[in-house]
Amino acid sequence: MKEILSLTKLFINESWGLSQFLYNKANNKKEFYKQVFTLIIVPVALIPAFFMYVFFMIALYAGLRMINQVSVFLSISYIMTVALILFFGIMYVLSEFYFSKNIEELIPLPITSGKLIIAKFFSILIPEYVFAAFLFAPALIIYGVGEGMGVIYAILSLLVFLTVPVLPLAMLTVLIMLIMQSGSFNGRQDVLQIIFVFIGMALFIVAQIWFGNQMGPSENVDFQILMSSLLANNESLLNTIGYFVPTSLLMAWALNKITLMSFVWSAAIIGLTLLLFALMVAVGKQVYIKSIVRGKSQKKGKPLSGSERQKVLGKKSHKAMAVFTMDLRLLFRTPIYFFNNVSIVIIVPLCLLIMFPFLDLTPEDYESIRSFYRELPLLVNFALIGFFIFFGGTSAATASTFSREGKASWLTRMVPVSAADQIIGRTGVAVLIQSMGIVFTLVTARVYMPISIFSMMLTIVLGILGSLPILLFGLFMDMNRPLLDWDNPQKAVKNNMNVVITLFVGMAYAGVLIAVSGLLGYFVMPWLGYSFFSAISVIMTIVLYKTIDRNLETRLLNFE
Amino acid sequence: MLKLDEVSKTYGNKKEKAVDNVSFHVHPGEIFGFVGPNGAGKTTTIKMIVSLLTPNNGKIIINGIDNQEDIQEAKKQFSYVPDNPELFEKIKGIEYLKFMADVYDVPVAERQQRTEKFLDVFEIKEAINDPIGSYSHGMKQKLALVGALIHDPQLFVLDEPMVGLDPKASFELKKIMREHCDRGRSVFFSTHVLDVAEKICDRIAIIKKGKIIEVGTMAEIREKAGSQESLENIFLELTE
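Quick note, the sequences are listed as chains A and H, same order.
Everything in the first sequence is counted per UniProt numbering, starting at 1 for the first residue and increasing by one.
Everything in the second sequence is counted per UniProt numbering, starting at 1 for the first residue and increasing by one.
For the record, the hints were derived by calculation from the structure and aren't laboratory data.
Hints should not be assumed to be uniformly reliable.
[Said to hold, decoys possible] Not everything, but these chain H residues come out facing chain A in the computed CB check (under 8 Å):
(1) K17
(2) V103
(3) N129
(4) L165
(5) K168
(6) F171
(7) R222
C-beta atoms are modelled at their ideal positions from N, C-alpha and C, and glycine is treated no differently.
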């Protein structure tokens with residue numbers, strides 16, 4: 001056990017850079033204060049979102065109480081938590097078990113495979129507990145307080161809470177280990193990873209749509225009717241979900257009402273958790289280390305002839321284009337980067353496209369959508385602009401551009417590429433990704449709404465123009481505090497506060513700008529709204545561009 | 001070609017200087033060796049030369065250009081191969097070479113001719129269309145060398161270049177270094193292999209705890225040490 005704990009500590013330390021934090025405290029005060037500032041500012045920035053979630057849960061509970069159906073409250077939040085852990089867990093499990101380089105250093109040491117697997121699993125589990133605490137604990141508290149539950153409920157819910165992240169992660173780990181051990185994936189692990197992630201996301205989306213569809217069409221629905229509709233299908237819905245997340249039933253039976261059977265169901269859920277955990281360790285012992293020591297083979301290209309080499313080298317590119325191409329290749333060829341930075345522009349429009357048919361809209365509904373657009377094109381245009389900016393902001397392509405290069409960033413810093421070329425090349429990649437999202441969205445929107453060519457041109461131009469300041473802000477953040485010291489590409493994006501800060505600041509900025517421009521356009525005249533939006537975007541772009549241009553070269557000298 | 005004038009570097013809020021008032025001059029046509037124990041300040045000095053670190057004090061002039069004043073122009077004068085060249089794993093070897101040729105603005109005919117020549121010398125032609133992630137340490141080192149030579153730099157800076165290279169590649173690299181200097185260019189490299197430093201360097205600097213304790217030709221170093229022994233013995237005496 002001591003060995004497992006010290007290994008877990010090692011993995012967590014490595015993931016979160018705790019030793020570096022303490023080293024900075026003693027030797028690099030400037031860096032230390034930066035880290036402390038981030039540690040304070042990010043949780044503070046998340047407080048409003050957390051409170052919004054808690055208020056939503058309270059409202060949900062109150063609504064269910066009004067129709068005397070609180071029994072599904074815990075199940076809904078449990079399933080939501082488990083689904084999110086499963087969804088995000090895919091990348092964490094793959095990263096920790098298969099893409100982290102520490103395993104190659106640990107295998108030669110006299111540590112049993114079981115201990116390695118458990119420690120790796122614990123290192124993923126601990127952050128997931130924090131995640132579950134924010135999602136599921138409020139539901140447990142709201143239900144407990146609302147129903148006037150006592151100490152036994154508190155104890156049992158704590159025990160059930162402890163099982164929440166273990167179950168989905170153990171299941172996921174078993175599944176991933178079995179898939180990854182297959183010899184047929186040799187040389188194609190990257191491809192597999194992308195496929196795996198997309199299957200996971202597709203399942204998640206389908207489940208969401210199906211869940212939404214159970215509630216029936218959305219017209220004339222107020223909160224109570226919506227809940228009634230849900231509860232009319234309550235039995236079948238919960239039972240069906242119960243097949244996929246059987247523990248949701250056990251959890252509901254254990255906590256909804258405290259009786260003697262609650263202890264039995266709690267014991268059952270704990271037993272099942274321990275069983276799955278043991279299964280994960282057993283499967284891991286059989287296949288995990290074997291699949292690692294078999295070696296990771298990469299798919300090789302066919303040798304190039306002299307003339308083929310000459311042809312590749314014969315195309316001379318501008319420096320900005322060279323930076324653009326390199327950044328783009330890294331993004332598209334590294335599954336974790338593709339998933340985090342690119343997939344959103346494919347998935348969101350795809351969701352929209354899939355969701356519309358499920359809404360069961362009548363021809364009258366379509367006509368009312370069209371007439372809404374004809375009457376208020378300004379609102380639709382600004383909504384589309386906001387949507388396009390969302391793609392720019394969430395792709396985080398610029399906010400992690402230097403971080404993604406990691407230890408290879410010495411090359412970027414050493415080569416004679418001007419700040420202007422760096423900015424153009426790197427921002428160009430982000431704009432390209434955003435443009436993919438724009439095209440997919442417009443194609444989807446055109447299916448349901450007769451958007452004019454003029455509207456399309458206007459929203460494309462303003463959408464890209466409006467996101468430039470956010471993209472440049474991301475570049476500014478990553479230039480000032482790049483995260484280069486990682487052994488696992490997941491960390492370059494997921495542990496990168498530049499991404500979070502850019503997302504929050506960017507969305508707040510875009511929200512305010514769109515709101516003000518929209519109001520100007522609505523109450524004064526449309527062109528004033530568009531002009532105001534363009535003018536502010538241009539000014540912000542110029543200010544940020546000049547700031548980066550002035551400081552980038554000096555910053556590149558001081559990345560370490 | 002390369003002039004360091006009272007260069008110092010301190011990391012974070014540490015009191016101890018990693019590099020302390022270092023000055024030396026590398027002449028055109030010269031192979032200059034830089035030796036010292038672990039943690040003496042070799043890599044820090046090299047990183048300051050190749051614009052990966054800013055000195056706290058002092059000036060670094062490369063081919064007449066101050067690398068703090070005109071960073072872009074200074075970067076065009078040299079190329080650098082680190083001791084452990086971390087390259088973009090998902091990029092193919094040929095794509096990496098094209099990137100290097102593009103950013104150094106190498107004319108098409110020259111990039112084609114140099115690439116063919118050095119790919120032959122280091123025997124990595126067959127692997128050039130493979131992702132760098134599939135390369136061994138030595139192959140990455142060879143690819144980084146080809147990339148660094150693609151623009152025929154005035155100053156060639158190498159940190160522990162022989163580590164990871166097979167004997168033939170190591171021999172070829174020494175030959176390239178000499179040919180490079182014979183054309184009036186310069187090579188500055190750090191090494192722990194004192195035999196190599198003794199054999200191929202025109203001049204050598206020894207650094208200890210951030211300070212240069214000796215600089216000169218082998219003959220000058222021997223004369224100052226009052227000994228006719230090998231560089232290894234003199235080094236051990238000076239650094240103990």
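So, going through the hints one by one against the coordinates:
1. K17: violated, 14 Å
2. V103: Result: holds, 4 Å to nearest chain A Cβ.
3. N129: holds, 4 Å
4. L165: Where the cut-off is 8 Å and the nearest Cβ of chain A is about 19 Å from H/L165, the hint is violated.
5. K168: With a minimum Cβ separation of about 20 Å from chain A (threshold 8 Å), the hint on H/K168 is violated.
6. F171: Since chain A brings no Cβ nearer than about 25 Å to H/F171, farther than 8 Å, the hint is violated.
7. R222: Cβ of H/R222 sits 36 Å from chain A, so the hint is violated.
Of the numbered hints given earlier, the model fails hints 1, 4, 5, 6, 7; all others are met.
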